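Sequence lines, in order, name chains A and B. Quick note on the working numbering: the first sequence kicks off at 2 and runs consecutively. Quick note on the working numbering: the second sequence kicks off at 13 and runs consecutively.
Calculated from the structure, these hints are not laboratory results. Predicted model, so just to flag it, every value in this text is computed and none were measured. Every residue gets a Cβ at the ideal spot worked out from N, C-alpha and C, and that includes glycine.
When the alpha-carbon atoms are kept at most 25 angstroms apart in a straight line, the in silico DMTMM-like pairs for lysine to aspartate or glutamate are as follows:
id	chain 1	residue 1	chain 2	residue 2
1	A	K48	A	E235
2	A	K48	A	D61
3	B	K64	B	D78
4	B	K194	A	D5
5	B	K300	A	E105
6	B	K194	B	D296
Here are some chain A residues the structure puts well away from chain B; computed CB gaps all over 10 angstroms:
id	residue
7	D39
8	Y55
9	P99
10	G135
11	T191
12	A195
13	S216
Simulated coverage check for chain A against chain B, where a stretch passes if three residues somewhere in it have a Cβ under 8 angstroms from a Cβ of chain B:
id	stretch
14	23 to 32
15	83 to 91
16	101 to 113
17	143 to 152
18	226 to 232
19	250 to 258
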Amino acid sequence: MTIDPRSPFGLLLTAICIIAFAYLILPILVVVVAPLGDTGYLAFPPKGFTLRWYAAALDDTRYLSGFLTSLQIGGAVALLSTIIGVLAAYGLSRYDFPGRSLIEALFLSPLILPTLVLAVSLSLFFTRTGLLTGTGRLVLAHIIVCTPYVIRVTLPVLRRFDRTLEEAAQNLGASPIQSFFLILLPVIKTGIIAGCVMAFITSFDEVVLALFLASPGEPTLPVIIYSAVQLGFEPTVAAVSGLLVILTCVFMVLYQILGVARQD
Amino acid sequence: MTATGDLARQKGRGGPSPAVIPVLIFAPCLIVYLVLFVWPQLSLLTTSAFDKGQLSGVHYVRFLGDEYYWELLGRTLLLGVCVTLITLVLGVPVAYVLARMQSRMAALLLILTTFPLLVSAVVRSFGWMVLFFRDGIVSNTLQALGLVDHPLQLMYTLTGVIIALAQVLLPLMVLTLHGVFKSIDPDLEFAAMSLGASPPLALCLVTLRLARSGIVAGSLLVFSLAISAFATPGLVGGARANVMATAIYEQTIEMLDWPFASTLATVLLVFVLALSLLYGAALDRRAKSESVA
Numbered sequence: 002m003t004i005d006p007r008s009p010f011g012l013l014l015t016a017i018c019i020i021a022f023a024y025l026i027l028p029i030l031v032v033v034v035a036p037l038g039d040t041g042y043l044a045f046p047p048k049g050f051t052l053r054w055y056a057a058a059l060d061d062t063r064y065l066s067g068f069l070t071s072l073q074i075g076g077a078v079a080l081l082s083t084i085i086g087v088l089a090a091y092g093l094s095r096y097d098f099p100g101r102s103l104i105e106a107l108f109l110s111p112l113i114l115p116t117l118v119l120a121v122s123l124s125l126f127f128t129r130t131g132l133l134t135g136t137g138r139l140v141l142a143h144i145i146v147c148t149p150y151v152i153r154v155t156l157p158v159l160r161r162f163d164r165t166l167e168e169a170a171q172n173l174g175a176s177p178i179q180s181f182f183l184i185l186l187p188v189i190k191t192g193i194i195a196g197c198v199m200a201f202i203t204s205f206d207e208v209v210l211a212l213f214l215a216s217p218g219e220p221t222l223p224v225i226i227y228s229a230v231q232l233g234f235e236p237t238v239a240a241v242s243g244l245l246v247i248l249t250c251v252f253m254v255l256y257q258i259l260g261v262a263r264q265d
Numbered sequence: 013m014t015a016t017g018d019l020a021r022q023k024g025r026g027g028p029s030p031a032v033i034p035v036l037i038f039a040p041c042l043i044v045y046l047v048l049f050v051w052p053q054l055s056l057l058t059t060s061a062f063d064k065g066q067l068s069g070v071h072y073v074r075f076l077g078d079e080y081y082w083e084l085l086g087r088t089l090l091l092g093v094c095v096t097l098i099t100l101v102l103g104v105p106v107a108y109v110l111a112r113m114q115s116r117m118a119a120l121l122l123i124l125t126t127f128p129l130l131v132s133a134v135v136r137s138f139g140w141m142v143l144f145f146r147d148g149i150v151s152n153t154l155q156a157l158g159l160v161d162h163p164l165q166l167m168y169t170l171t172g173v174i175i176a177l178a179q180v181l182l183p184l185m186v187l188t189l190h191g192v193f194k195s196i197d198p199d200l201e202f203a204a205m206s207l208g209a210s211p212p213l214a215l216c217l218v219t220l221r222l223a224r225s226g227i228v229a230g231s232l233l234v235f236s237l238a239i240s241a242f243a244t245p246g247l248v249g250g251a252r253a254n255v256m257a258t259a260i261y262e263q264t265i266e267m268l269d270w271p272f273a274s275t276l277a278t279v280l281l282v283f284v285l286a287l288s289l290l291y292g293a294a295l296d297r298r299a300k301s302e303s304v305a
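My request is simple: use the sequences and hints to build the entire structure.
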């Protein structure tokens with residue numbers, strides 16, 4: 002640290018950091034803590050203590066089926082976008098051909114396109130072509146949003162990969178396909194897992210495309226929460242949101258522990 | 013070459029010919045992108061530019077001729093500017109402190125910064141709604157501090173949307189700037205200070221100057237995400253603090269006015285594309301200044 006933390010300027014920096022972290026965490030803390038209050042309406046800080054709203058959230062089949070829908074869509078999107086994304090990243094890292102940087106720019110371009118604009122154009126597209134119905138539309142839409150993340154995470158890993166390893170395997174008699182699965186995939190596994198997890202979380206949390214495209218009979222969890230919040234401030238909705246936050250927390254801790262374990 | 017090498021080449025000749033493999037590798041991604049990305053985007057543009065089967069600017073004239081939409085665009089840009097300023101004021105110090113911290117604490121704080129990104133924007137906006145509601149803690153605290161003398165209504169106001177959206181986007185600013193500050197050698201600050209500059213002056217003259225194009229890039233990123241964000245303005249702002257994003261949703265889902273919704277979406281897209289070109293230029297400048305240094 003170049004700045005003495007006890008100097009006035011150092012204290013100012015520390016104060017801004019404390020305010021910034023409080024600001025970042027406060028609204029997330031609120032949805033976890035507010036449904037613990039037993040006043041019957043949402044307040045922060047909560048008054049009294051009850052687990053009634055959390056129990057009600059777990060009991061409500063609407064939220065559970067929304068959770069399962071989101072889980073299924075997230076799983077399908079993570080799997081499909083990882084497959085096509087890793088293939089594309091492999092091709093981009095491996096072959097040099099005219100127009101390669103153009104293809105790379107095309108594959109990454111959904112990152113800068115506002116999801117809302119994509120939502121309008123895909124609604125228009127699906128309505129006009131009548132392609133697929135219901136959940137299938139949302140899966141396809143999420144694939145467009147998630148594949149660029151997979152490519153962006155795996156491409157640097159693939160570019161760093163030492164290709165002589167693959168050549169050695171092929172000299173020893175492996176076919177290109179064998180060396181892809183036996184040599185390349187294990188080496189770049191961490192990058193693929195990171196891309197896959199990112200795709201899953203993006204799809205699971207995503208609400209804009211889901212609001213435009215999810216089938217009314219099978220809304221995803223973020224859509225259910227969005228609609229419920231618009232109608233009113235039920236403590237049960239806050240409890241569902243709180244459960245999501247806790248689940249994300251557990252997931253993140255597990256990912257860190259497993260990641261650290263693998264590095265060791 | 014050994015016998016096994018010859019064997020490998022023979023095996024290779026037996027499989028699909030080399031030119032076919034790259035095509036097969038790119039095919040899934042290319043097909044998905046052409047059908048679900050390029051085609052819909054093109055049809056969005058044509059939908060906004062046609063009226064009753066004829067090329068026409070009528071939808072754009074409707075947008076430009078109506079004061080309501082000018083106000084909408086102005087409010088959206090104001091939202092973008094305010095959110096960018098808040099994330100800068102908080103993000104620059106936080107990113108700097110995290111980049112200069114040596115302990116394990118820095119890694120922990122970085123995880124804490126990333127965590128909100130994993131929680132859906134819907135959930136985070138909901139948290140703000142609880143805080144903003146009449147007699148919410150924000151209003152009560154401000155009253156207790158004597159900063160306002162009546163219950164402050166932040167729900168369904170642009171101010172509320174700004175506060176909530178800045179929180180949603182702050183992690184992206186911090187993560188972008190963290191990388192920038194990490195790449196600046198702290199010895200440069202020591203050098204400036206040993207030549208007599210006070211720490212704040214050394215930071216302004218050396219670190220912030222070197223980080224300039226990174227800061228510009230982070231600001232453009234946050235700005236373009238802020239003007240196209242939907243969930244937070246939709247929930248915290250509602251119909252009373254309408255912005256471009258919520259208007260586009262209204263035109264698509266409630267009015268089913270596809271041509272006009274496409275027009276609004278195209279206007280938004282033009283702004284975002286212009287900003288991302290500037291973003292690319294800022295990153296280029298940064299790469300160049302680094303290669304010179």
